[in-house]
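There are 2 protein chains.
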Amino acid sequence: MTYCVAMHLADGLVFVSDSRTNAGVDHIATFRKLHIFGIPGERLIVLQTAGNLATSQSVISLLRQRLHGDAPNLHNVPTLFDAARLVGQTLREVVEHDSAPSMTAGVDMSSSFLVGGQIAGAAPGLYNLYPQGNFIASTVDTPYFQIGESKYGKPILDRALNHRTTLEHALRCALISFDSTIRSNLSVGLPLDLLVYRNDSLEVPHGYRVEEGDAYFEAVRQQWGNGLRQLLQELPSTPASYLGE
Amino acid sequence: MTYCVAMHLADGLVFVSDSRTNAGVDHIATFRKLHIFGIPGERLIVLQTAGNLATSQSVISLLRQRLHGDAPNLHNVPTLFDAARLVGQTLREVVEHDSAPSMTAGVDMSSSFLVGGQIAGAAPGLYNLYPQGNFIASTVDTPYFQIGESKYGKPILDRALNHRTTLEHALRCALISFDSTIRSNLSVGLPLDLLVYRNDSLEVPHGYRVEEGDAYFEAVRQQWGNGLRQLLQELPSTPASYLGE
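Heads up: the sequence lines are chains A and B, in that order. Take the first sequence: its letter number 112 is residue 112 in the numbering used here, and every next letter is one higher. Take the second sequence: its letter number 137 is residue 137 in the numbering used here, and every next letter is one higher.
Among the hints, a few may not be true.
Stated by the list, open to error - One-sided excerpt, in silico: chain B residues whose CB lies under 7 Å from chain A:
| id | residue |
| --- | --- |
| 1 | PHE31 |
| 2 | TYR130 |
| 3 | ASP158 |
| 4 | ALA160 |
Please keep in mind that the hints were generated in silico from the structure rather than gathered at the bench. Glycine is no exception: its CB is placed at the ideal position from the N, C-alpha and C atoms.
Here chain A stands alone, though its shape is the one from the complex (with noise of 0.2 Å):
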């Protein structure tokens, strides 16, 4: 399995990614799932990748094969928007390359993507790539997307973000995000990826890698654990009809 999201916010984009990947749980391994592209001073854009990873590679490589041509690729197209267009159309084509119906055996070769960024001389943008290769983008109302196993994280975004939150506050609440994944799903795992990037910067940022054992993450999961145990205990009492007296 897979966790990713990305945060489209006033002052910048945050992206986070796992890099988990199973094929039943005992064939599990470690594959990054967070691609940065981009020329300092001009543009960066960063694909995040969930499901089928013979597929998602195969987009990768494809995109980073082609950056050296006159074609449209992601050094050279003008907006996010075609970036996006781009990304989904090289989804297309591998798996058509890859999809003899002889082949295939019922194993489903889909992937979604994130592909966020920001290219000289417009604002930043966000988009959610499905498997078909379509997608939609982020807005002031839906600032944030998930891929993956994102049902257990969800609660606490849908609680504290919103599109005005700051990029630190963003980022705490991603980790707490992946913590509350990491613990109910065995197939999500560090070390995890994850980058930030301010608004007209135009830097292509490295990003910073958690591995197990990270000094902060570690702080942040047990300060938070013994919060929420805390929090639970202060909760007013409960009233004698709810119990049944």
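Since chain A is already given, all that's left is putting chain B on it; use the hints.
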């Protein structure tokens, strides 16, 4: 959709169910999913249902209709294990009866059940009955079961619940779990039906219904939501390396 949780703790049992059913988002209705059988001083058997409503209602109707005969029924089976087997057998009977291939048209007729309670002379028990009619029992290690839309509300149970949790505290955990689920999935909704059973009381409580605007539930939701936001604010500051600085 549906969300039901049942807990088997050192001091007794806690059951909470929502009451929203839907056949598409344009066809939403309220149906009780917590059903109580019992003879005061002798036995309590609580059933919670998820899945196809026609199937689960037929199972409950047959179980009620057959209470007054010599054949095995929920008022005369000697053990809770036998009660769970009887529910499973009735489920198979209903699904076979209603599943003429020419009629089901791809509709999923399956239902799942939680069956818990106590029969005089034995300890309380809790079973999670699969759509196939077979079932597993809760244990000290796994003191709760969920059916229906379980993911949004699972992290708080995994963090805060164990076999030795008090009934009152467990009930508050369940209410928080429902709050998270209701916020994230429109197809789970109020009113909630809840029932708390203390070991060896052998009472047949009628439970409590949490309606829209219930003062205690509202107070819990509000205190929890505010507390979470406060906890997030108090988390340690994010290191510069996380922010790519």
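Against the structure, the hints:
1. PHE31: violated (22 Å)
2. TYR130: violated (19 Å)
3. ASP158: holds (6 Å)
4. ALA160: Constraint on B/ALA160 satisfied, holds at 5 Å.
Checked against the numbered hints above, the structure violates hints 1, 2; every other hint is satisfied.
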